[in-house]
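J.: Sequence:
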Amino acid sequence: MTVRAAAASGARAVVISPGAAVAGKATGDEETRVTDLAHMRRAIELAARGRGTTSPNPVVGCVVLDASGRVAGEGFHAHAGGPHAEVVALRAAGERARGGTAYVTLEPCDHTGRTGPCSAALLAAGVARVVVAVRDPNPQAAGGAERLRRHGVTVETGVLAAEAERGNAEWLTSVRLGRPHVTWKYAATLDGRSAAADGTSQWITSPEARADVHRLRAEADAVVAGIGTVLADDPLLTARPAGGPPARQPLRVVVDSAARTPAGARVLDGGAPTLVAVAAEADPVAVKAIAGRAEVVRLPRREPYGLDLAELLAELRRREVVGVLLEGGPTLAGSFLREGLVDRVVGYLAPALLGAGAAALGPAGVATIAGTHRLEFEDVTPTGPDLRLTARPIPLRGDADVHRNR
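In terms of UniProt numbering, the sequence shown opens at residue 1 and continues consecutively.
By construction, these hints were calculated from the structure, which means they are not laboratory data. Just so you know, even glycine gets a beta-carbon here, dropped at the ideal spot from N, CA and C. Hints may contain errors.
[As the list claims (entries may be wrong)] So the derived label-pair ranges between C-beta atoms look like this:
| # | residue 1 | residue 2 | range |
| --- | --- | --- | --- |
| 1 | Thr-157 | Pro-363 | 41 to 47 Å |
| 2 | Gly-243 | Arg-135 | 52 to 58 Å |
| 3 | Ala-310 | Val-34 | 43 to 49 Å |
| 4 | Glu-378 | Gly-199 | 47 to 53 Å |
| 5 | Leu-37 | His-151 | 25 to 31 Å |
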């Protein structure tokens, strides 16, 4: 877990910045290890610049050194269909890449899609060594490491793998579990209240915290809320980050079993694509009224929780949604947790107490302490006067891809 003084900003422009190699006092293998860690951290930083623009592709960063160990080129994957990180970095390095080392956050792909295989690009550039953080779990694209080895390139994997996985959690979850990665976001007082006794909730947290939420929305493919939130708060659910309009708005999704979304609701304003999920048996007249303003999908029920949330995520995955930001109220959040469908929790805690009012989380299938949904903190960051807490479900021992709560 890290504790930081402020959230880091992330510009999305490709930066090519040659520079000196990292100097260290260590020698031999130890010096190589220190150098590898430093350059892989830089590659992870570069990868983060693609957040919000690469989906349904992963975020990837790459640093290329020349044969003497100096940085020759850097790059990151900026958007789906565009050049991959390795290609951007190799173009910047040019002939200086020959005999050098490439640091890549994800195993170079070994297939031809909208772009050619990165393994072939590395071979053509004459790179002698490739250091990889995370092996590619996608069978259609994996195999780059083996191809490079067959052609005499030294390949090392697993360098800063955990850190790189956190930065690519949405895409990795979508590949490994076959569904979108879900981040539940909530705001609450220190005593866990998301609204006062009279139902008011605007605003519990600070402008800084709310601005950070817009950053999360801009990085997500879809923002999901329940009908209770729509009726109570009439949210827009659009991304309005401080730096200007995002590259694209996330899909707004309303979970509305009985098709109660009002015709004048702001989520139907046309400012962003909207999907309303209703029960299969929802009233046709009510559904028709919504269908004129948004796309409607009928889903089966899963009693007593309302709609089948796993089927909702499957529907979103079919639409190439990789990362979901869940902004539903306590009832919907509890249902997602009960089903083991929350992969990350981001909580904004305000230094305030209410003593009464709605809790941030509704029933989540827990009756005893032994059944508690256990998490591990990943990050604690002051955000204005508030705290942003980031935590993830503790994985089952021996299986990093299965959560304790599933």
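J.: 41 to 47 Å was suggested as the range; check whether the CB atoms of Thr-157 and Pro-363 agree with it.
T.: Given a distance of about 43 Å, which is inside 41 to 47 Å, the answer is holds.
J.: Given a hint of 52 to 58 Å, does the C-beta separation of Gly-243 and Arg-135 actually sit inside it?
T.: violated, 34 Å
J.: Within 47 to 53 Å or not, the Cβ separation of Glu-378 and Gly-199?
T.: Taking Cβ atoms as reference, Glu-378 and Gly-199 lie about 32 Å apart, which means the hint is violated.
J.: Evaluate the given range 25 to 31 Å for the C-beta pair formed by Leu-37 and His-151.
T.: Given range 25 to 31 Å: holds, Cβ gap about 26 Å.
J.: Can you let me know if the beta-carbon spacing of Ala-310 and Val-34 is within 43 to 49 Å?
T.: holds, 45 Å
Checked against the numbered hints given earlier, this structure breaks hints 2 and 4; the rest are met.
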